[in-house]
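Undergrad: For the protein sequence lines, the chains are A and B, in the order given.
Residue numbering for the first sequence follows the numbering used here, starting at -17 and increasing by one per position.
Residue numbering for the second sequence follows the numbering used here, starting at 6 and increasing by one per position.
Derived from the structure by calculation, the hints contain no laboratory data.
The reader is advised that the hints may include incorrect statements.
The calculated lysine-lysine pairs, modelled on DSS-like cross-linking and capped at a C-alpha distance of 30 Å, are [unchecked claim]:
#: 1; chain 1: B; residue 1: Lys278; chain 2: B; residue 2: Lys372
#: 2; chain 1: B; residue 1: Lys335; chain 2: A; residue 2: Lys16
#: 3; chain 1: A; residue 1: Lys19; chain 2: B; residue 2: Lys375
#: 4; chain 1: A; residue 1: Lys19; chain 2: A; residue 2: Lys(-3)
#: 5; chain 1: B; residue 1: Lys119; chain 2: B; residue 2: Lys25
#: 6; chain 1: B; residue 1: Lys335; chain 2: A; residue 2: Lys(-3)
#: 7; chain 1: A; residue 1: Lys16; chain 2: B; residue 2: Lys119
#: 8; chain 1: B; residue 1: Lys375; chain 2: B; residue 2: Lys335
#: 9; chain 1: A; residue 1: Lys16; chain 2: A; residue 2: Lys(-3)
#: 10; chain 1: B; residue 1: Lys265; chain 2: B; residue 2: Lys372
#: 11; chain 1: B; residue 1: Lys265; chain 2: B; residue 2: Lys278
#: 12; chain 1: B; residue 1: Lys119; chain 2: B; residue 2: Lys67
#: 13; chain 1: B; residue 1: Lys278; chain 2: B; residue 2: Lys375
#: 14; chain 1: A; residue 1: Lys16; chain 2: B; residue 2: Lys25
#: 15; chain 1: B; residue 1: Lys25; chain 2: A; residue 2: Lys19
#: 16; chain 1: A; residue 1: Lys19; chain 2: B; residue 2: Lys335
#: 17; chain 1: B; residue 1: Lys372; chain 2: A; residue 2: Lys19
#: 18; chain 1: B; residue 1: Lys375; chain 2: B; residue 2: Lys265
Computed from the model, here is a short list of chain B residues facing chain A with C-beta under 7 Å [as the list claims (entries may be wrong)]:
#: 19; residue: Ile69
#: 20; residue: Ser71
#: 21; residue: His301
#: 22; residue: Val305
#: 23; residue: Val316
#: 24; residue: Gln350
#: 25; residue: Ile360
#: 26; residue: Gln363
Ideal Cβ positions, reconstructed from N, Cα and C, are used throughout, including at glycine.
Listed below are the residues making up each chain.
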Amino acid sequence: MSDQSDPQQMDCLLKSAGLVLSSDRIHQLIPAAKRLKAAAAWVDRHDLEWGEPAFVFDPQEDPR
Amino acid sequence: MTGDLVYLGIEELSRGYRQKSFSPVDAVEAVLAQIERENPILNAFLQVGSNQAMADARAAEKDIRSGRWRGWLHGIPVSVKDLFFSRGIPTTGGSPFFQDYRPAFDSTVVARLKDAGAVIVGKTNLHELAYGVTNENRHFGACRNPWDPERIPGGSSGGSAVSVAAGMSVVSYGTDTGGSIRIPASYCGVTGLKPTFGRISRHGVIPLSTTLDHPGSFGRSVRDAAIAAEVVSGRDPADPSSIRAEAPTWSASLLEPSVKGWVAGFLSGPFVKDVCAPMESAMRAAAGTLTEAGVHVEAVELEDAFEAGEVAHLIQMADGAAIHHQRLRKQPEQFSEDVRILLEQGHLISAVDYINAQRLRRVFQRKLNKLFDRFQALLLPATPVAAPLIGQECIDWETHRESVGGASTRLVRPFNLAGVPVLTVPCGFTEAGLPLGMQIVTRAGDELGGLRLGEAFERRTAWHLRRPPLIPG
């Protein structure tokens, strides 16, 4: 997992998405980036099964 | 007479129409007069379509009197969040990007309302692009809470909740990505239903998160919210995530509301620790009421609930950033600061984290389903506090501060991640007269279970019958 709360890495990520932000503005994003990092770390701790798909419901099925 | 009509429910109005006690024209006139009186203060509507509404009411009156009654919503005044496409009528999404946008087609929800003969009186205010919970819309003005206009109504579907609470529509339609139906339902003292993911079509709805958006309904009773939702439910080939189920008939099944012998889990533990004292006592009283109705209420903890909310937040941020990416690149100044910063943050999420967050959803669903093997429903507060003040930034707890946005969404987000249905019902008031709401969470596809429990609760309480102190008619 990349460090999404490091200002330099944040700048790189944003630039790669075509967003050029001032350093002041990037610093404003840090608290939220830390929160996201914590959420991502929690996701990382799970040993997901290989077959675990990335969607909520199979829309072909009635969820009942 | 007309003033009395604005707080009648769907079935009372519908019966009155068919018995010729009053007509759809009377009801729509009364609702439009209420909007004229209250909307300058509450700002619940971004557009009011008086002329079209009156034409639709006259057509409904003629049809019903000729014996061509189309069902419960025929001639009923409804409102729709300004996120649902309505053909030829501006659909702003509460954003300057769409302020002149007139869709060429109706969203499936609007099309089904028209087929049902409902009278759409207007499009309701919302947090910009449905991305926020305060409804302090900087482009179209803040929507205000009818119980105290100095307070937020909650959001993002705040205008819809206010329109129902203040008698400016009988039912309304909103969307819930991270609590946007349940939060305003709690803050405004109305019933809100977020159905199962895919139950109501998202075709023609400006998206925020393609995997978390849930359209749903508001009403002043469980029954009204159920009727409103079932009329627009059912398979829609135009929405790839629409579930393959026939339109439900929940309202008919609510005629047998016995919940004797049911088992409900009362959420406890750290996830629900930080709630205000009035909410805590309202929830305890609600558990007592359900026990009197024959429900066995048992304390239970929901493992990983806080983390599930954070994962839902991560997904929402990435989905929202993807949807508005081009607009953010080209015209960032067109977004309000609060929305712009969320969209920028969404660009910081890696593809790996996003995909694994999506994969984790099913793991959380399975945990939740294990609880549903023991309990028919889970009970918890919809919001930890009553409606905060407009401009308020934080909630102070004993040991820490929490942002208004964080607090408002904390108890609702996990259930967007799981995609399960949740009903929010009024469950009490603070000493200052502000409403409080309770969530009833059920297994995916089992909206009826929540509705039956909600109606059993409603039959034993009068919270849903309180009306806000508005300008007299």
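Undergrad: Give a verdict on every hint.
TA: Cross-check of the supplied hints:
1. Restraint check for Lys278 (chain B) and Lys372 (chain B): satisfied, since their Cα atoms lie roughly 21 Å apart, inside the 30 Å limit.
2. About 27 Å separates the Cα atoms of Lys335 (chain B) and Lys16 (chain A), which keeps this hinted pair within 30 Å; it holds.
3. Between Lys19 (chain A) and Lys375 (chain B) the CA atoms are separated by roughly 29 Å; this keeps the pair inside 30 Å, and the hint holds.
4. For the hint pairing Lys19 (chain A) with Lys(-3) (chain A), the CA-to-CA distance comes to about 19 Å; that is within 30 Å, so the pair holds.
5. Restraint check for Lys119 (chain B) and Lys25 (chain B): satisfied, since their Cα atoms lie roughly 22 Å apart, inside the 30 Å limit.
6. Taken as a hint, the Lys335 (chain B) and Lys(-3) (chain A) pair is honoured in the structure, with Cα atoms around 14 Å apart against an allowance of 30 Å.
7. Distance hint between Lys16 (chain A) and Lys119 (chain B) is unfulfilled; the C-alpha atoms sit about 46 Å from each other, more than 30 Å.
8. At roughly 47 Å between alpha-carbon atoms, Lys375 (chain B) and Lys335 (chain B) are farther apart than 30 Å, so this suggested pair is violated.
9. The suggested pairing of Lys16 (chain A) with Lys(-3) (chain A) holds, with an alpha-carbon distance near 19 Å, which does not exceed 30 Å.
10. For the given pair, Lys265 (chain B) sits about 26 Å from Lys372 (chain B) by alpha-carbon distance, which is consistent with the 30 Å threshold.
11. Of the supplied pair hints, the one linking Lys265 (chain B) and Lys278 (chain B) holds, its CA atoms being roughly 29 Å apart against a limit of 30 Å.
12. Among the hinted pairs, Lys119 (chain B) with Lys67 (chain B) is consistent with the structure: their alpha-carbon atoms are about 16 Å apart, no more than 30 Å.
13. Simply put, Lys278 (chain B) and Lys375 (chain B) have alpha-carbon atoms about 23 Å apart, close enough for the 30 Å limit, and the pair holds.
14. For a cut-off of 30 Å, the pair hint linking Lys16 (chain A) to Lys25 (chain B) is broken: about 62 Å separates their Cα positions.
15. A C-alpha spacing of about 62 Å is found between Lys25 (chain B) and Lys19 (chain A), which places the hinted pair above 30 Å, so the restraint is violated.
16. Proposed proximity of Lys19 (chain A) and Lys335 (chain B) is supported: the alpha carbons are some 27 Å apart, at most 30 Å.
17. A distance of roughly 23 Å separates the Cα atoms of Lys372 (chain B) and Lys19 (chain A); the hinted pair therefore holds under the 30 Å criterion.
18. This hinted pair checks out: Lys375 (chain B) and Lys265 (chain B) have alpha carbons roughly 22 Å apart, not beyond 30 Å.
19. A hinted interface residue such as Ile69 (chain B) counts as satisfied when its beta carbon comes closer than 7 Å to some beta carbon of chain A; here the least separation is about 34 Å, so the hint is violated.
20. Contact between Ser71 (chain B) and chain A, as hinted, is not supported at the beta carbon level, the nearest pair being about 38 Å apart and thus beyond 7 Å.
21. Below 7 Å, beta-carbon pairs count as interface contacts, and His301 (chain B) has none with chain A, the closest being about 23 Å; its hint is therefore violated.
22. Checking Val305 (chain B) against chain A by beta carbon gives a least distance of about 22 Å; that is not within 7 Å, so the hint is violated.
23. With 7 Å as the threshold, the beta carbon of Val316 (chain B) comes within range of chain A, its nearest partner Cβ sitting at about 5 Å, so the hint holds.
24. A least Cβ separation of about 4 Å between Gln350 (chain B) and chain A falls short of the 7 Å threshold, and the interface hint therefore holds.
25. Of the supplied interface hints, the one on Ile360 (chain B) holds, with its beta-carbon coming within about 5 Å of a beta-carbon of chain A, less than 7 Å.
26. A hinted interface residue such as Gln363 (chain B) counts as satisfied when its beta carbon comes closer than 7 Å to some beta carbon of chain A; here the least separation is about 4 Å, so the hint holds.
In terms of the numbered hints stated before, the structure departs from hints 7, 8, 14, 15, 19, 20, 21 and 22, listed from lowest to highest.
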